[in-house]
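Given only the sequences and the hints, what does the whole structure look like? Please build it.
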Amino acid sequence: MASKDDNFSLKWRAYIEFRTILKIQPVQIFSELQEILGVDCPSRSTVERWASCCRSGDAGVTDLPRSGRPVSATTSENIALIESMVMEDKCITVNQLEQSMEISSGAVHTILTTELGY
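Its first residue numbered 3, the sequence shown is counted upward by one per residue in the working numbering.
Source of the hints: derived by calculation from the structure; they are not laboratory data.
Please note: incorrect hints may appear among the correct ones.
Stated by the list, open to error - Here are the computed lysine to aspartate or glutamate pairs in the DMTMM-like style, where the Cα-Cα straight-line distance is at most 20 Å: (1) K92 with D60; (2) K13 with E50; (3) K13 with D42; (4) K25 with E50; (5) K13 with D60; (6) K13 with E34; (7) K13 with E37; (8) K25 with D60.
Take a look at the structure:
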């Protein structure tokens, strides 16, 4: 799910792309965005970079997938195991879950709050 900031960024990227297609210069696009967005306006160099990417055909309004380690701690197996441990011992701590599962406290917290709703 995209956050508010992601949607906002998509909107101004699309605006830059459309205005560039209409052959509007980046300086003019930047000026228009300043008028519309005020302090939330992207920098002039960002507008120029996006306009350049649009002209060369290298730009889309969405970000490309990023490399990195995939989420591995919040698997369905870990979620089920933590749920059963909590049901068995309602007083179990995050630290105890972290140690017995050998996953980070952040992963335990995510499973407890986001996945299980505790």
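Given hint E37 paired with K13 - CA-CA distance at most 20 Å: 15 Å, holds
Agreement of K13 and E50 with the hint, judged by alpha carbon distance not exceeding 20 Å: Holds, because 16 Å separates the two Cα atoms, which is no more than 20 Å.
Given pair status - D42, K13, alpha carbons within 20 Å: 12 Å, holds
Hint consistency between K25 and D60 [alpha-carbon to alpha-carbon, up to 20 Å]: It holds: about 16 Å lies between the C-alpha atoms, which stays within 20 Å.
20 Å limit on alpha-carbon distance, applied to hinted pair K13 and D60: 17 Å, holds
Distance restraint between K25 and E50, which requires alpha-carbon spacing of 20 Å or less: It holds: about 13 Å lies between the C-alpha atoms, which stays within 20 Å.
Distance restraint between K92 and D60, which requires alpha-carbon spacing of 20 Å or less: Since the Cα atoms of K92 and D60 sit roughly 54 Å apart, the hinted pair is violated (cutoff 20 Å).
20 Å Cα cutoff - pair K13, E34: 14 Å, holds
Checked against the numbered hints above, the structure breaks only hint 1 and satisfies the rest.
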